[in-house]
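Asker: Protein chains in written order, with full-length UniProt numbering: chain S, 1 to 309; chain Z, 1 to 308.
By construction, these hints were calculated from the structure, which means they are not laboratory data. One should not assume that every hint holds.
Said to hold, decoys possible - Partial list, computed: chain S residues near chain Z (C-beta under 10 Å): (1) Ile-38; (2) Val-46; (3) Glu-220; (4) Thr-267.
No residue lacks a Cβ here, since even glycine has one placed at the ideal position from N, Cα and C.
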Amino acid sequence: MATLGLASSLPLLLLVIAGAGGARWRGEGTTPHLQSIILGRCAEHVALLNPEQGEKNCTAIWEAFKVVLDKDPCSVFPSDYDLFINLSRHSIPTDKSLFWENNHLLVTSYAENARRFVPLCSVLYGRMGDFLSWCRQENASGLDYQSCPTSEDCENNPVDSFWKRASMQYSRDSSGVIYVMLNGSEPTGAYPVKGFFADFEIPYFQKDKITRIEIWVMHEIGRPKVESCGEGSVKILEERLKEMGFQYSCINDHLPVKLLKCVDHSTHPDCALKSHWKERDRCREKRKKYTVTYWDQPGHHLPGLLSRP
Amino acid sequence: MANHRFSSVSEEEKPCCGISRKAQICLCVLFVLLIVVGIAVSVGILMWRQPPKHKEWKGPGTTAHFYEILLGRCYTYTQIVRPELRHTDCQKIGKAFTSAFLSKDPCGSTEQDYRPLMELTTQTVPCDKTLFWSKSSELAHDYTWVQRDMYTLEDTLLGYMADGLKWCGDAGSSEMNYQSCPHWREDCSNNSVSVFWNTVSKRFAEDACGVVHVVLNGSISNTFDEKSTFGRVEVFNLHPEKVHTLKAWVMNNIESVPSDSCSSSSVNNLKQILKTRNITFVCQNNYRPVRLIQCVKNPEHSSCRYNL
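All chains should be modelled from the sequences, with the hints used to inform the complete structure.
Answerer: This is the structure we're talking about:
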């Protein structure tokens, strides 16, 4: 009888041991060497990138972060990161805040490692968590390297709570002109009405420190334009900002960002640039239009340029 | 009340405490000797306890938190940037890196010092994807950040780890010198940092294959600088049996009047060198995708606009 019981539970036991029943959660597991990466990023930020922000104690910051690694992966709240944020926060230069949805890589490219803009991933606390994943195992101490919960698994998971808390702080510390980059080719809409920007950034804008808000709706080169300024979810955002009393403006395909997107689409007609050589020749001799390349503008709206001769 | 009176006692006249004059002198000398020895021993102990002072150099010292940054970058690179390298042993690499310069004369660095590190970090860049640069660091790296299938040296593991950092040790100490490190020109050229970059640049060039590219600065007089790392090390370590063509993208500053920098004498010099090495040279002025990167900073410039 006992042997039978053992025999029947053996496959289940093996399954549990091998972890072969599929990952517990939907998200990526804890990033290996998490501590070294976080400490290294902190050290780099302090030593190389922002020495003027004063000495930050990276060890103390890590100790504050570590606390969540002992908690149940579905019971981690934004407030659990309060000490971590308090130790790592620093001021953000005015007019340099860049908020975004659905274009992480473009934002980091354009921000040029905080030389041009300072998005959340260039702020110390944001830098430390960027692209990483972490959680404790469900029923044991120790990190889960197989998988971690996403919002679909449970709301109060370590990673989402981190970004909620970080977003709130980033928003609170932002001032001057606020820039927002949205993806107008995103099928679900450029402005997610439920998302980090909507729920954890906009509500924490400090009205007395913000002069105006500028929205850039970027479109993928050669992909359909799902939404543009004044349309769909962008309209919802514009109205929300208006209601809150903010002065705002919206630009489709903000030129410097579009130029950046064109780097790996340089032969696409949407990216055809006027050739400088040809511009000089044009003054000397009449040239047929097809030899002069120019920005293709069907249906595009590039404010500021249409008025130029 | 006792009447205390101090009077000088002639040494010759009154022996003290019942000991002879000679004995007194001997005792004094012994006493002094003891004090001197005592001081010497204390100073000796203190000096031994104190870390020996590093040599003073003319360049900035080792970057603060050097080792943490190095290790963190190794993990970021192997876990996130190029996850195909996730089984890399970063601890081992970190140790090999520091043992190349710790406890050694920072002006006597050699390629041999970095051999163990080099052996731990082989990384193949796909053919046709190597991008060299000279006097165009920001532009070249902005380009590969967007064009992620091309690699500059700083997009490979070792380059990524060491980019922007400074390091040196000292022959008389096992510590890193955070105060100063040798300056290339004012102290010595065979310093730990320069030798590192020469070593990794050499291998980067040796490993290249197919068509290789270089971003050059057409707005300076020595567009091709024979004294630069590209000119001294990389060009001469390309293997002609693997690399058949070098394509140069000569970029002018966007504000300057465009000139045919490809025809300049310094670029011609590069062409001749490659000719003798049996490598075809192709040159392009203001290669468009890289021009677009420049345009991001100057979107209103006429060459960045469309034509109505």
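Asker: With reference to the structure, classify each hint as holding or not holding.
Answerer: Here is what the structure says about each hint:
no.	hint	verdict
1	Ile-38	holds (8 Å)
2	Val-46	holds (7 Å)
3	Glu-220	violated (14 Å)
4	Thr-267	holds (8 Å)
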